[in-house]
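Q: Residue numbers (our numbering), protein chains in the order written: chain A, 1 to 307; chain B, 1 to 349.
Hints were generated in silico from the structure; no laboratory data involved.
Keep in mind it's a predicted model, so treat the numbers as computed, not measured.
Careful, some of the hints might be misleading.
Stated by the list, open to error - Partner residues aside, some chain B positions facing chain A, computed with beta carbon under 7 angstroms:
1) Thr30
2) Leu34
3) Ile141
4) Phe148
5) Tyr155
6) Pro321
7) Val327
Claimed, not checked - The list that follows gives simulated cross-link-like pairs (lysine to any residue, SDA-like), each with its CA atoms no further than 20 angstroms apart:
8) Lys272/B - Trp156/B
9) Lys134/B - Gly273/A
10) Lys134/B - Leu232/B
11) Lys272/B - Gly226/A
12) Lys272/B - Arg294/A
13) Lys134/B - Arg294/A
14) Lys134/B - Gly239/A
15) Lys272/B - Leu174/B
16) Lys272/B - Thr271/A
17) Lys134/B - Val280/A
18) Lys272/B - Gly239/A
Unchecked claim - Covered by chain B, according to a simulated footprint, are these stretches of chain A (three or more residues, beta-carbon under 8 angstroms):
19) 11-25
20) 75-87
21) 96-103
All C-beta atoms in this analysis are idealised placements derived from N, C-alpha and C, irrespective of residue type, glycine included.
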Amino acid sequence: MTQDQIAVFLGSSLRLSMPLILAGTGELVSERAGVLNMSLEGMMLTATFAGALGSWATGRPAVGLVCGVAAALLLALVQAALSVTLRANQLVVGIGFNILALGGTTFLYREIFGPLSREIIPGFVIWHVPLLSDLPILGVALFRQVGLVYVGLAVVVIIWAMLEHTAFGLAIRAVGEDPRAADQAGIPVALVRYIGVFVAGAMAGLAGVFISVGDIHTFTEGMTNGQGYLALAAVIFGGWIGWRTLAACLLFGTATALQFQLPAMGIEIPTAGLMMLPYVLALLAVGGLVGRLRPPAALTIPYERGK
Amino acid sequence: VRVKLPAPVVIPVTATAAGLVLGAALVAATGASLGGAVAGFWDGMFGSTFAVGASINRAVALTLVGLGFILANRANLTNVGGEGQLAVGGIASTAVALHGADRLPLGLAVIAPLVVAGLAGALWGGISGLLKVKRGTNEVISTLLLTFIGLLMVYWSVQSEDLLRQPVTSASTLPESLELSARTRLPTILADPSSPLHIGVFIAGVAAVGVGLVLAKSAFGVRLRAVGLNELASRRAGIRDGRLVITVLAVAGALGGAAGAIMIQGELWVLKAGFTSGYGFDGLVVGLLARGSAAGVVAGALLFGFLRSGGLTMEITAGVPAAVVVVIQGLIIVAIAGSAILVKSQDAR
Numbered sequence: 001m002t003q004d005q006i007a008v009f010l011g012s013s014l015r016l017s018m019p020l021i022l023a024g025t026g027e028l029v030s031e032r033a034g035v036l037n038m039s040l041e042g043m044m045l046t047a048t049f050a051g052a053l054g055s056w057a058t059g060r061p062a063v064g065l066v067c068g069v070a071a072a073l074l075l076a077l078v079q080a081a082l083s084v085t086l087r088a089n090q091l092v093v094g095i096g097f098n099i100l101a102l103g104g105t106t107f108l109y110r111e112i113f114g115p116l117s118r119e120i121i122p123g124f125v126i127w128h129v130p131l132l133s134d135l136p137i138l139g140v141a142l143f144r145q146v147g148l149v150y151v152g153l154a155v156v157v158i159i160w161a162m163l164e165h166t167a168f169g170l171a172i173r174a175v176g177e178d179p180r181a182a183d184q185a186g187i188p189v190a191l192v193r194y195i196g197v198f199v200a201g202a203m204a205g206l207a208g209v210f211i212s213v214g215d216i217h218t219f220t221e222g223m224t225n226g227q228g229y230l231a232l233a234a235v236i237f238g239g240w241i242g243w244r245t246l247a248a249c250l251l252f253g254t255a256t257a258l259q260f261q262l263p264a265m266g267i268e269i270p271t272a273g274l275m276m277l278p279y280v281l282a283l284l285a286v287g288g289l290v291g292r293l294r295p296p297a298a299l300t301i302p303y304e305r306g307k
Numbered sequence: 001v002r003v004k005l006p007a008p009v010v011i012p013v014t015a016t017a018a019g020l021v022l023g024a025a026l027v028a029a030t031g032a033s034l035g036g037a038v039a040g041f042w043d044g045m046f047g048s049t050f051a052v053g054a055s056i057n058r059a060v061a062l063t064l065v066g067l068g069f070i071l072a073n074r075a076n077l078t079n080v081g082g083e084g085q086l087a088v089g090g091i092a093s094t095a096v097a098l099h100g101a102d103r104l105p106l107g108l109a110v111i112a113p114l115v116v117a118g119l120a121g122a123l124w125g126g127i128s129g130l131l132k133v134k135r136g137t138n139e140v141i142s143t144l145l146l147t148f149i150g151l152l153m154v155y156w157s158v159q160s161e162d163l164l165r166q167p168v169t170s171a172s173t174l175p176e177s178l179e180l181s182a183r184t185r186l187p188t189i190l191a192d193p194s195s196p197l198h199i200g201v202f203i204a205g206v207a208a209v210g211v212g213l214v215l216a217k218s219a220f221g222v223r224l225r226a227v228g229l230n231e232l233a234s235r236r237a238g239i240r241d242g243r244l245v246i247t248v249l250a251v252a253g254a255l256g257g258a259a260g261a262i263m264i265q266g267e268l269w270v271l272k273a274g275f276t277s278g279y280g281f282d283g284l285v286v287g288l289l290a291r292g293s294a295a296g297v298v299a300g301a302l303l304f305g306f307l308r309s310g311g312l313t314m315e316i317t318a319g320v321p322a323a324v325v326v327v328i329q330g331l332i333i334v335a336i337a338g339s340a341i342l343v344k345s346q347d348a349r
């Protein structure tokens, strides 16, 4: 591999990891509060579409960003109302949302853009970070990305700090481990869980917008193509810990980048194996075969006072 | 006389009706003729012997996956791995049908691939059971992850000639398996050659009755419920809950695996990436809607089977995206999940 190839490879690894990092970090917060959003895929897909639509209609990618995040938040609100207030099965609601999002975005896309359109939409432009972008290898790899990459990474760090070092973070973790004790200590369990789901929704929204407006500059049907599930797997493989989830997302993103890189270098490998790798790793991890991982004790269990 | 309908019937019926009304509103919003759309929809469901047969064949796969779901769910286990179990079943069925089964006598050409597919599905479900019992792994997470692994295994199988891909003779050779020979295909039932209805419908019927009886009448069904209600108490009562968990997840997987074989041997005749096309997730939903009733699974499977067929024809004849049907399905699922609290509070009274 030449220096240029290495730089491009590292750059595309980061770019392909980004949706996972954003969605995975948001989902981490929600899961630490005890709510599993199987609907992550649906939230992301909705945001890719709403983001693309907003950007296309106004010609301004920033409007697309707002539209995408708002649409994902709307889904998050319904997800939270159903799974926290109405104590519905979180997995079922999530699967329902994913089906709904796939159907809804496909339907609207065909109605608005027509069946075969590959309309190019206005997207974020790549930002050359002053000075740093001129570094050898790393300049191309890390410092010539869309601004959303840097903003997103900053948000991720803020979320970690919030989760591990603030009173509110402690409340989130308490609600996810033992909601009864948290309730007795005066923590508003339902409110904290709502906020957890909102964080997941907002971050999934950013992830979706990153895909359509930030990276590909168009929308295609079913565009997220399982990345929401991949982000869920990353949270599992990361053992519900911030930095490990980030590492898992980078690993999964790199595996995706390798699928494109290796054939380009004339190396024949079964790409299916690379695509499967994240799920196999997550299964091994959650099966306790590599490291000991423990999900939040109250994950997926609705809380009802006095029961 | 006032008949009080139980919530488990009222809620799905109301949700389905509401979903259909919203679907009609969506169709109207596109500016397409509602009459034309409904006519196309009806045609796709009941318009011809082909339509009816294809719809029932769809329902067969959904029924088997749904039955597996309610069986495991009786023990309070949530098997979301139907899609992956279909996938490994399809791979096993294709592999056996193409490599040897063809020459077997006495209908074994059909049966052998089906049985091996069931075993493959059982393995897939059993892994989750084993992880649950030995390592305490949440079965939701493991069945979901195994689903993606299974789906990618299908993709892998048809990418490589060393596995199941047909010999590549030109650049346009599709990444699919060879076509199954006539002897390994499921026999059709009706004399009418336009009807694709195959004997899978009998398999699903037998399975539905069997699962219904097991849940209602057998000691196994009672043990499942005991484990589902209170693991500790049932263990004290001498039920070997670990073995039970593994068994029931394996049986659920076997039903899914067999359904995968039925899809391949019944109508598709080749293995290709994505052949499961969401039937595993739909089957899971059917199982949920049924609230533990085998008859409910059959009803839900028929509903979704016919809805899908109707939607596809509607897209072709009336130009309304079949995605409308997907939206309707999603709405039904969310509505029913959201109203589960009504059933719970009624039970408590």
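Q: All hints, please: hold or fail.
A: So, going through the hints one by one against the coordinates:
At its closest, the beta carbon of Thr30/B sits 6 angstroms from a beta carbon of chain A; the interface hint therefore holds under the 7 angstroms criterion. A hinted interface residue such as Leu34/B counts as satisfied when its beta carbon comes closer than 7 angstroms to some beta carbon of chain A; here the least separation is about 15 angstroms, so the hint is violated. Using the Cβ-Cβ criterion of 7 angstroms, the hint placing Ile141/B at the interface with chain A is satisfied: the shortest such distance is roughly 5 angstroms. For Phe148/B, the interface hint holds, since its Cβ comes within 7 angstroms of a Cβ in chain A; the closest pair sits about 4 angstroms apart.
Look at Tyr155/B: its Cβ gets to within about 5 angstroms of chain A, closer than 7 angstroms, so that hint holds up. With 7 angstroms as the threshold, the beta carbon of Pro321/B comes within range of chain A, its nearest partner Cβ sitting at about 5 angstroms, so the hint holds. About 4 angstroms separates the beta-carbon of Val327/B from the nearest beta-carbon of chain A, less than 7 angstroms, and the hint is met. This hinted pair checks out: Lys272/B and Trp156/B have alpha carbons roughly 10 angstroms apart, not beyond 20 angstroms.
Restraint check: the Cα-Cα separation between Lys134/B and Gly273/A comes to about 27 angstroms, which exceeds 20 angstroms; the hinted pair is violated. Between Lys134/B and Leu232/B the CA atoms are separated by roughly 16 angstroms; this keeps the pair inside 20 angstroms, and the hint holds. For the hint pairing Lys272/B with Gly226/A, the CA-to-CA distance comes to about 18 angstroms; that is within 20 angstroms, so the pair holds. The hinted pair formed by Lys272/B and Arg294/A fails the criterion: a straight-line CA distance of about 37 angstroms is larger than 20 angstroms.
Our distance criterion of 20 angstroms between C-alpha atoms is met by Lys134/B and Arg294/A, whose separation comes to about 14 angstroms. For the given pair, Lys134/B sits about 19 angstroms from Gly239/A by alpha-carbon distance, which is consistent with the 20 angstroms threshold. For a cut-off of 20 angstroms, the pair hint linking Lys272/B to Leu174/B stands: about 9 angstroms separates their Cα positions. Proximity of Lys272/B to Thr271/A is assessed by CA-CA distance (about 16 angstroms); at most 20 angstroms being required, the pair is judged to hold.
Among the hinted pairs, Lys134/B with Val280/A is consistent with the structure: their alpha-carbon atoms are about 18 angstroms apart, no more than 20 angstroms. Of the supplied pair hints, the one linking Lys272/B and Gly239/A is violated, its CA atoms being roughly 34 angstroms apart against a limit of 20 angstroms. Residue count for the stretch 11-25 of chain A with a Cβ under 8 angstroms from a Cβ of chain B: 0. That is fewer than the three needed, and the coverage hint is violated. Against chain B, the stretch 75-87 of chain A contributes 4 residues with a C-beta closer than 8 angstroms to a partner C-beta. That satisfies the three-residue criterion, and the hint holds.
Note: the stretch 96-103 of chain A has 8 residues with beta-carbon separation from chain B under 8 angstroms; the three-residue rule is met and the coverage holds.
This entry does not satisfy hints 2, 9, 12, 18 and 19, going by the numbered hints stated previously.
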